[in-house]
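Protein chains in written order, with our numbering: chain Z, 346 to 659; chain S, 23 to 314.
Just so you know, these hints were derived from the structure itself, not from any lab. Quick caveat, the model's predicted, so the values are computed rather than measured. For every residue, glycine included, the Cβ atom is placed at its ideal position computed from N, Cα and C. Take the hints with a grain of salt, since some may be wrong.
Unchecked claim - Estimated spans, in silico, between C-beta atoms of each pair:
#1 Z:D653 - S:T130: 25 to 35 angstroms
#2 Z:D431 - S:G170: 30 to 40 angstroms
#3 S:F62 - Z:V637: 38 to 48 angstroms
#4 Z:G347 - S:G170: 46 to 56 angstroms
As the list claims (entries may be wrong) - Straight-line Cα separation of at most 20 angstroms, SDA-like style, residue types lysine to any residue; simulated pairs:
#5 Z:K352 - S:M147
#6 Z:K503 - S:K217
#7 Z:K352 - S:D143
#8 Z:K503 - S:K86
#9 Z:K433 - Z:G420
#10 S:K140 - Z:Y349
#11 Z:K398 - Z:S429
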Amino acid sequence: MGKYVLKRLGQSLIVVFIVTVIVFGLMHMLPGDPVQIYLGDTATEEQVEYYTKMFGLDQPLYVQYLRWIGGLFKGEMGRSITYSLDVKELLLRRVGCTLSVTFPAFVLALIIGVCLGVVTATHRGKPLDSLLTSIANIGIATPTFWIGMILVYFFGLKLKWLPVQGYVPFAESPSGFLKCLVMPVFVLTLGHLSSNTRQTRSSMLEVVSQDFIRTARAKGLNENTVIYKHALRNALIPIVTMMGGAVGGLIGGTVAIEKLFNISGVGSLMLTAIINKDYMVVQNVTFVIAVVVVLCNLLIDILYGYIDPRIRVE
Amino acid sequence: MKKENKILTPAAERRKQFLDAFFATVPVRVGFSIIAVMVFCAVLAPVVAPYGPNDQDLSNMLQKMSFAHPFGTDPLGRDLLSRIIYGARASLSVGLVSTIIAGSIGITLGLLAGNMGKWVDAVIMRIMDAMMSIPVVILALFLGSILGKGLGNIMLCIGIVMMPGYARMTRGQVLTVKQLDYVTAGKIGGATQIKNALKHILPNCIAPNLVLATMNLGTAILTEAGLSYLGMGINPPTASWGAMVSDGYRYLSDYPHVAIIPGIFVILTVWAFNVCGDALRDATDPRLRGTR
Chain Z
346 MGKYVLKRLG QSLIVVFIVT VIVFGLMHML PGDPVQIYLG DTATEEQVEY
396 YTKMFGLDQP LYVQYLRWIG GLFKGEMGRS ITYSLDVKEL LLRRVGCTLS
446 VTFPAFVLAL IIGVCLGVVT ATHRGKPLDS LLTSIANIGI ATPTFWIGMI
496 LVYFFGLKLK WLPVQGYVPF AESPSGFLKC LVMPVFVLTL GHLSSNTRQT
546 RSSMLEVVSQ DFIRTARAKG LNENTVIYKH ALRNALIPIV TMMGGAVGGL
596 IGGTVAIEKL FNISGVGSLM LTAIINKDYM VVQNVTFVIA VVVVLCNLLI
646 DILYGYIDPR IRVE
Chain S
23 MKKENKILTP AAERRKQFLD AFFATVPVRV GFSIIAVMVF CAVLAPVVAP
73 YGPNDQDLSN MLQKMSFAHP FGTDPLGRDL LSRIIYGARA SLSVGLVSTI
123 IAGSIGITLG LLAGNMGKWV DAVIMRIMDA MMSIPVVILA LFLGSILGKG
173 LGNIMLCIGI VMMPGYARMT RGQVLTVKQL DYVTAGKIGG ATQIKNALKH
223 ILPNCIAPNL VLATMNLGTA ILTEAGLSYL GMGINPPTAS WGAMVSDGYR
273 YLSDYPHVAI IPGIFVILTV WAFNVCGDAL RDATDPRLRG TR
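Please model the complete structure; the sequences and the hints are all you need to start from.
Pasting the structure below:
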């Protein structure tokens, strides 16, 4: 087991390293000079030169890369060119908004999705199954920004129940905070909820057809025990294994949602930073997101390695 | 209906069984018809569309639905139906081409990784893992802003983003198939590693990849719509469903149809491809029939 953990840890470190190379490389392939974008057309040559030097952009690429990585080891993330702020501070300021949308969405999508998946699997072929599965199939096919827009139209513009856009911090007004989060969270939940439902359903159906379930039933166990204690526990393995990727998907999904609801979170930060070529912001935020995703995958794998010996052997 | 007792050749018999399994449910028939109609309209857009996609008529802007304009007009007085028909061209071609790009590079990499093993495998798969740990939207935004806007660039960008899925799938398949007796037999028979990989292993990796590709057609269309919504998609004024939703957002309170209708077409198309992908998987793997 120790060997397995070490191997996975090593792999994860390599993956994170490759991510830094990819992000750094892509960032420096973007056309346009960030200092020029920041200063505008009216900037003099001296100004451009001064700022280029200040941000260390006059150095050769490998020096810039090593400086960035060296800074990361010391916990430093450099300065944003567009915002003239420390990237760490900027990130910390923005992460609250994004987490208050993604975290509830993640939890809701997981809990409701698994429950609906079990319901559809146990009612296989009945009208309830057909109805829920069809809704899930449509849910997966729906662009988040579109469903968000429909909600804005009905609940924001026509019924005026909820604010159309914006974000109110919890400390300022708890009820305002909840009100402005209802729609973004719902929209983000919907897509992941649908895919969790489908995944749970197919995984449950596969497990239910196996011999040990027949044995459990033959022993005379109560149907609820069979479904929830025997079948669901095995069916959850592929779903939980997918969670690492789902975390990445949720963070990516907030880019469109933060734009639609005008929330200044990490997603909208990334969007503007890519447009403005704000090197340090893009590099560090992508790095943090990738580390979170890799860490989730690693934890899940190690956890299952402990629980389920079959995975360890593979 | 009377059952025919015609004797079929084994190949025809298998084909019939496959088609029966594929078209078994109503949603698949509906989905397949939707795709057929969309493809027809996209190919024959100039004939089918009542107006040009970029014909502006400022005296008729933001019209509601009418006989002259079945879906109304947009803020520049362009006919929405015509733009949706031309938008189908963009969406379907992005879906198809990006899936072909993703599939061909991904399958090649997976085949290499699975067959060569050792460090080739490690290098390829770690790079794929790294690409997969960056959220799709963010990676696509990166590539989109490097390559620039435009139809061809969006295809390439979405193709690259979707590539790791095929590489992983193919590698897994290769590792299973490699153990099978007939591959060993091929090796004993003197087949070179390349011949073994291409003639014996590759054909057995095609079916699951085809299923993945069908489903990815929908994902690609959805990604294109998302990128166009974020302003990194196809160049205006070329019609794109995602950009149409985004443009219509400003007029949402008074003219909701401008933004809502193009979105419905995204849903219909993506749903149709997903349903067909599910059916294709079930038809190729009878064990799974009806489980998803």
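Supplied distance hint 38 to 48 angstroms, evaluated on CB atoms of F62 (chain S) and V637 (chain Z): holds (45 angstroms)
K503 (chain Z) paired with K217 (chain S) [C-alpha distance capped at 20 angstroms]: violated (65 angstroms)
Beta-carbon spacing of D431 (chain Z) to G170 (chain S) - inside the hinted bounds 30 to 40 angstroms or not: The hint (30 to 40 angstroms, Cβ to Cβ) holds, given that D431 (chain Z) and G170 (chain S) are roughly 31 angstroms apart.
Distance restraint between K398 (chain Z) and S429 (chain Z), which requires alpha-carbon spacing of 20 angstroms or less: holds (15 angstroms)
Pairwise hint evaluation, D143 (chain S) against K352 (chain Z), where the allowed Cα distance is 20 angstroms at most: holds (15 angstroms)
Range hint compliance [Cβ, D653 (chain Z) to T130 (chain S), 25 to 35 angstroms]: holds (33 angstroms)
Given hint K86 (chain S) paired with K503 (chain Z) - CA-CA distance at most 20 angstroms: holds (18 angstroms)
Satisfaction of hint between M147 (chain S) and K352 (chain Z), Cα-Cα up to 20 angstroms: Answer holds: K352 (chain Z) to M147 (chain S) is near 14 angstroms, not above 20 angstroms.
CB-CB spacing for G170 (chain S) and G347 (chain Z) relative to the 46 to 56 angstroms hint: holds (49 angstroms)
K433 (chain Z) paired with G420 (chain Z) [C-alpha distance capped at 20 angstroms]: holds (9 angstroms)
Pair hint outcome, K140 (chain S) versus Y349 (chain Z) [Cα-Cα no greater than 20 angstroms]: holds (18 angstroms)
Checked against the numbered hints above, the structure breaks only hint 6 and satisfies the rest.
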